[in-house]
Amino acid sequence: MSKSAPTFVIRLQANLAPQPLAKALRRSNRQTDCGRRALAYYLFDMQDRGVHQMLGFASATHFAIERLDMKRRTARDLIAVGRALAELPLVDRAFAEGRISWTKLRLLARICVPETQSAWLEKAEALVLSEFERLVSTSEAGRPPREGGHGLPVTKVDLRLRLNV
1 MSKSAPTFVI RLQANLAPQP LAKALRRSNR QTDCGRRALA YYLFDMQDRG
51 VHQMLGFASA THFAIERLDM KRRTARDLIA VGRALAELPL VDRAFAEGRI
101 SWTKLRLLAR ICVPETQSAW LEKAEALVLS EFERLVSTSE AGRPPREGGH
151 GLPVTKVDLR LRLNV
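Numbering (this note's numbering), first residue to last: 1 to 165.
Note that these hints are calculated values from the structure, not bench results. Careful, some of the hints might be misleading.
To be verified - Simulated DEER-style distance windows between Cβ atoms:
(1) ALA24 / ASP45: 29 to 35 Å
(2) PRO20 / GLY56: 43 to 49 Å
(3) VAL165 / GLU140: 36 to 42 Å
(4) VAL165 / THR74: 57 to 63 Å
(5) ARG134 / GLN19: 28 to 34 Å
(6) ALA14 / GLU140: 44 to 50 Å
(7) LEU68 / ARG99: 24 to 30 Å
(8) VAL128 / ARG83: 26 to 32 Å
(9) PRO6 / ARG30: 15 to 21 Å
Note that the structure is a prediction, hence the values are computed from the model and not measured. Glycine included, each C-beta is placed from N, C-alpha and C at the ideal position.
Can you make the complete structure from the sequences, with help from the hints?
Written out as structure tokens, the structure reads:
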């Protein structure tokens with residue numbers, strides 16, 4: 001990490017009552033989510049414009065590893081999300097308005113295309129995370145969500161039979 005990293009003051013309170021504690025957790029989680037969104041935006045921008053080269057790095061991923069103490073997989077994931085969100089304004093707006101979490105945003109970035117983002121957003125907002133994850137994992141990228149969310153997408157299977165007569 002850079003020695004010139006900004007200092008942030010975080011006020012932590014011990015022994016909060018249940019409701020204030022729940023509120024503090026929600027606020028902290030949202031702040032973390034917003035930080036991830038900013039990282040996705042700036043790392044993609046760095047990669048897209050080639051700024052990493054001006055700073056002496058082979059890629060924005062390499063910059064993130066060396067200067068942000070980030071794992072390669074995390075950096076690549078953030079850049080992929082930033083790239084996807086550049087084409088998914090409805091998804092990005094839903095996140096900015098607090099209607100979806102970072103976790104759902106990542107899933108949407110993997111499966112959505114501009115033409116399907118409205119339908120997928122509807123599902124993301126209506127389903128709890130575990131249900132939404134299941135729907136995404138059984139769906140095909142670029143396709144709208146299946147009606148009712150049941151069953152697997154159409155799968156083609158080659159079947160060969162050998163008969164010995």
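Now for the hints, and whether the structure bears them out:
For the hinted restraint 29 to 35 Å between ALA24 and ASP45, the CB-CB distance of approximately 32 Å keeps it satisfied. For the hinted restraint 43 to 49 Å between PRO20 and GLY56, the CB-CB distance of approximately 47 Å keeps it satisfied. In this structure, VAL165 and GLU140 meet the distance hint of 36 to 42 Å, their C-beta atoms being roughly 40 Å apart. Checking the proposed 57 to 63 Å range against VAL165 and THR74 shows it holds: the Cβ atoms sit about 59 Å from each other.
Evaluation of the 28 to 34 Å hint for ARG134 and GLN19 yields a pass: the beta carbon distance comes to about 31 Å. For ALA14 and GLU140, the Cβ-Cβ distance of about 49 Å falls inside the hinted range of 44 to 50 Å, so the restraint holds. The supplied range of 24 to 30 Å is met by LEU68 and ARG99, whose beta-carbon atoms lie about 28 Å from each other. Here the CB-CB span from VAL128 to ARG83 is close to 27 Å, well matched to the stated 26 to 32 Å.
A hinted range of 15 to 21 Å for the beta carbons of PRO6 and ARG30 is consistent with their spacing of about 20 Å.
Violated hints are absent here; each numbered hint is respected by the structure.
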